[in-house]
Structure formats: structure tokens, C-alpha cells
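Enquirer: Take the two lone chains, each set in its own frame, and fit them into one complex as the hints suggest.
Line by line, the protein sequences are chains A and B.
For the first sequence, my numbering gives the first residue as 264, with consecutive numbering after it.
For the second sequence, my numbering gives the first residue as 136, with consecutive numbering after it.
I should point out that these hints are in silico values taken from the structure, not numbers from a laboratory.
Some hints could be false.
Once the Cα atoms are required to be at most 20 angstroms apart in a straight line, the calculated PhoX-like pairs of lysine-lysine come out as [claimed, not checked]:
#: 1; chain 1: B; residue 1: K232; chain 2: B; residue 2: K158
#: 2; chain 1: A; residue 1: K278; chain 2: B; residue 2: K173
#: 3; chain 1: A; residue 1: K327; chain 2: B; residue 2: K295
#: 4; chain 1: B; residue 1: K173; chain 2: B; residue 2: K227
#: 5; chain 1: A; residue 1: K267; chain 2: A; residue 2: K291
#: 6; chain 1: B; residue 1: K204; chain 2: B; residue 2: K158
In this text, all values refer to a predicted model and were calculated from it rather than measured experimentally.
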Amino acid sequence: MKIKLTSVYVDDQDKALRFYTEVLGFAKKVDFSQGPYRWLTVASPEEPDGTELQLALNNNPAAKAYQQAMFQQRQPAAMFFTDDVKGDYERIKARGAEFTMPPTDVTASIIAMLNDTCGNLIQLTQLARHSL
Amino acid sequence: MTDREHYAPGPARGAQVRKDGEKWTLILVRELRHSPEKVWQALTDPAQLREWAPFEADGSLGTAGTTVKLTTVGAPTPLVSETTVTRADAPKALEYKWGGFDMRWELEDLGGQTRLTLWTNIGHRFISMGAAGWHICFDVLDHLLGGTPIGRMVGPDAMKFGGWQRLNAEYAKQFGIETINWPPRAGQKP
Chain A
264 MKIKLTSVYV DDQDKALRFY TEVLGFAKKV DFSQGPYRWL TVASPEEPDG TELQLALNNN
324 PAAKAYQQAM FQQRQPAAMF FTDDVKGDYE RIKARGAEFT MPPTDVTASI IAMLNDTCGN
384 LIQLTQLARH SL
Chain B
136 MTDREHYAPG PARGAQVRKD GEKWTLILVR ELRHSPEKVW QALTDPAQLR EWAPFEADGS
196 LGTAGTTVKL TTVGAPTPLV SETTVTRADA PKALEYKWGG FDMRWELEDL GGQTRLTLWT
256 NIGHRFISMG AAGWHICFDV LDHLLGGTPI GRMVGPDAMK FGGWQRLNAE YAKQFGIETI
316 NWPPRAGQKP
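Chain B extracted, bound-state conformation (with noise of 0.2 angstroms):
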């Protein structure tokens, strides 16, 4: 668990908020140092989701037409959301949707090497704190990719770390938004 102990998130970067009336969509982009192939696992194979991912899933995401049960991870309340596998282009594209939200991801091959983009629509009250979550579990991917894991790190596990706090308000700053001070204060009005 030293490997865990010792993380610490970098600073923001790699977001940008795509607007569109009330629709906005937050996209990430990571590269790693690992090849499509071994992402595309990471992305779509239930045992390594749960590795990294903010929700578990039943089955593979891996095939087109396949309906598979995402289950968020920590939510005060289970929430359990059945979504149905729209592409998957291996190891290029992959769409599905967790709850509400639209999760299209692409894998650019940069010789041996992954740019992996997400684009998610997301409240935009909500938006950097997804920005932060993204970048830990990225973060974490990273480090599963490369055969030095430190667990995931999703829900509260990362709400309560310095790290989330700092970079929900280094996004917030990038989008020119402003997000709710966490956790709430009594009384408060986020």
C-alpha cells in the first residue's frame, strides 16, 4: 500500500468543457504509455474495471449490442444502471452510457503508445468535480497499466483525499466555473 500511501495526483490538466446549451460535455484526454490493445482491457473487462473504474460492471464492454449492468461505486444509495453497448471498435472506440450520462471513449494509436480520450456529458454544477475524479482514476489506470497498482480510488476514497479538493478547484478555475465547496457546511447553500 506504500505506492498508495505516497500518491499524489498532478496538477489539472488535459480537460476542456465542450458547451452546448444546457448539455455540456467534459472531455479528458490521458496519453499512456501502453498500447491500444492493453487499454481497450482495461476499459472493457469487468475484473480490470474494478481495478480503476468509478463502477463495476456485470459483464464485458467489449461487444456491440451487449447489455451489461453498472453499478456506481459508493453512491449514498445503490445505483444500479443497465446500458447497452452502442460501439466497439476494437481497440479504437467504445460508446455506452452510465446512468444518464453519455461515455464515449477513442484510443489513438501513438506507435505502441495510447491517446486516450473521454468525452461525458455531466451537470455542470458537477463538472470539475468529474474532472478530478477522472484524473485520479486515470491516475490509477496509469499505475495498473504498468504493473504497479494502488487500488482504486473513486467515491468517497477520493472525495476525502487533498488531492481531489485541490484539483475539483484547479478545474473549476480552468472551466471558469464555480464549484461547491465539499464537504457541505451545515446550513450551507451550495
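Isolated chain A (complex conformation) (with noise of 0.2 angstroms):
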């Protein structure tokens, strides 16, 4: 058994597809549909067959009322790790994107946020090299 796909809900997913690969950097992994279904994922090209993130279309209201209470209360629906959050941070802001927090030391990371544009914010974290 493997953790091999994480999912955030998206309220498009032409345009989600193009935030995370345009803006983000992700590759395209899977997509395919069937009837009104789209299953949808990218991968990190770092690491093209490691975990996959799948872009869902939010039509469930349950899920839409979480989703915009977790954006409101400033939670990231998903995280991804880094080894230069800095670095990212200048490249996807380059793109367009809105950071809602720059790059910031917390607790054994450096973390930034920003708003991925279908309803999430995302946090990039860098861990803390460890002094031994």
C-alpha cells in the first residue's frame, strides 16, 4: 500500500490545469473523462512518477463549503515541499501569481503562501537544514 495521489478541489479544471503547470511548473500526468467526470492529475516533473496531485471539480456542495471556509481561515488545502522556497517564490510570482504570505521563517521551515486561483491557497515549504 502506497500514498500515491492527494486531490484538491478546483472550481475549473481547464483553468486549474493551467495554473498548475503554467504558473505552478507541474506536468500534466493523467486526464481522462467519462460521461460528466474528468479524473484529472499532475505530477512534480521532479519526480514524474512519484505522488500525484488530482485537480477535482468542486460540484459537491458539502465540499464547496469547506473548501471556502478553509480559504477564509487561511489554511492551505495542499502543500507542497521545496528545497528553495525563495527561488520559487520570485519564479511563480514572475507568472502572475498572488502570494497572500512571502517567504517566512516558522518553526523548522521557511514557509510562503498563494492563491492557486480555483478556491485553495497553497503553502511551499522549505524544512529547515538541520545544524547537526
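Expert: Have a look at this one:
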């Protein structure tokens, strides 16, 4: 048994695909549809066969309420790890993303937060190097 | 189950694509040797829909203003969408939504037979897959109405079936689009 997939709800899958690939820099992994259902995932180009992120259409009233409440409380819907949060911040910001928090030192890590334009806040995390 | 085992869909036919900017509409036409009244029942009655349609309905689709929950059969995670029937002129015209798709059915009486037309919008990358799926559904519907049901073939049951893959390729060619390979190979970028 493996953890192979995590999901975020998005309000528009085409828009989400553009944001997660063109702005964040992930790569489309799987995209198929059955009737109105569309299974859409992206993966990191650094780890093409690694964990996938499903961009799931939020057509569920309960999930919509949860998503909005999380957004209002500034809770991230997903968290991505990086070795260079400042570099990613500059790169992603240059592509037009809105950061709600610039790279900020917190306990054991540096974090930044951005709006994915599809209803979510996304956190970027760089773990602090351990000094032995 | 013998009829189901022997079933093989005919060539791709009776489908058109209308392109209106980003919105593409799939138009499917099928002539059925049954009366519009009989076809209407199969389009609206939940028990009959269960025998051929790619979704289940929790109530009749036959009355305008009714709200019905449609469950997509075989979706990788449960997908239930609520729709309100916006038009139900028995046995001629029926309109509702399936998820984000408009569904408009028209039944034309050809002297006791029916020319059935479906207009539905669908993401254009998947439009040949939709045409292939509906083609098989209409074959199953035809068997059902003729009293020799072969059982619903939708979702994964249809896709793993060689006839579906051939139809998908044929419709993609007719529509002048590229379709994705199915099943996807590891690492494929569709």
C-alpha cells in the first residue's frame, strides 16, 4: 500500500490545469473523462512517477462549503515541498501568481502561501536544514 | 448472455460535431424501429434507463420542473449531479443537464418508427470517446426495445471492449481530432 495521490478541489479544471502547469510548473499526468466526470492529475517534473495531485472538480455543496471556510481561515488546501522556497517564490510570482504570504521563517521551516485562483491557498514549504 | 457476447458495434455513423468557440456540441442521430412513445419511456423511466444509459436516475425525467439526481455509472469516485428537467414534451422533446452537460433529446415520428437525436456538449478532447460510448448505449437501447436486452455497457465495461476503442478511433477520424490512447501507457502525456 502506498500514498500515491492527494486531491484538491478546484472550481474549473481547465483553469486549474493551466495554473498548476504553466504557473506552478507541474506536468499533466493523467487526463480522462467519462461522461461529465473528468479525472485529471499532475505530477512534479522532478518526480514524474511520484505522488500525483488530483485536480478534482468541486461540484459538491459540502466540499464547496469546506473549501470556502478553509480559504477564509487562510488554511492551505495542499502543501508542496521545495529545496528553494525563495527561488520558487520569485519564479511563480513572475508568472503572475498572487502570494498571500512571502517566504517567512517559522518553526523548522520557511513557508510561503499563494492563491491558486481555483478556490485554494497553497503552501510552499522548505524544511530548515538541521544543524547536526 | 449469448447476445451480449456476440454483440459487435457497427461502423461509426450518425454523429456530427458543432463547434462554437470553446463549446463543442456532439449531435447523435439514431433511427429506432419503435414508436416515439416507447422510446420516450426508455429515456425517462428510471427502471429502463438502468438497462442502457450511462447514468442512473432516482426519479422519472418525464415531467418538466422535476428535480432528479443522476449518478454517473462507473466513475472513479462517486459523481451524483442534481438536475431539473427543463423541457418534457412527451413524446417529442426532453431537456435536462447531466453534470455540466446539456442534454437535449428530440424524437421524430417516422410513421411508427423514431428518429432519435441527442445534442450534448462535451469537452472536445473527449468528444470521440463520448460518441463511441453513446453509439454503444444506443445499440443496447435498440436491443432493449426489441425485447432482446444485452445488458448495459457503460464506463469501464464499454472501454475495455475492443468495439469501443475502434469506434473512438473512427469518430476521432470523422471529427478530424486526435484522441487520447486508452488505456494510457505509463508516463504518457495525453
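Enquirer: Let me make sure I understand: some of the numbered hints might not hold for this structure. Which ones are they, in numerical order?
Expert: Per hint list: 2, 3, 6 violated.
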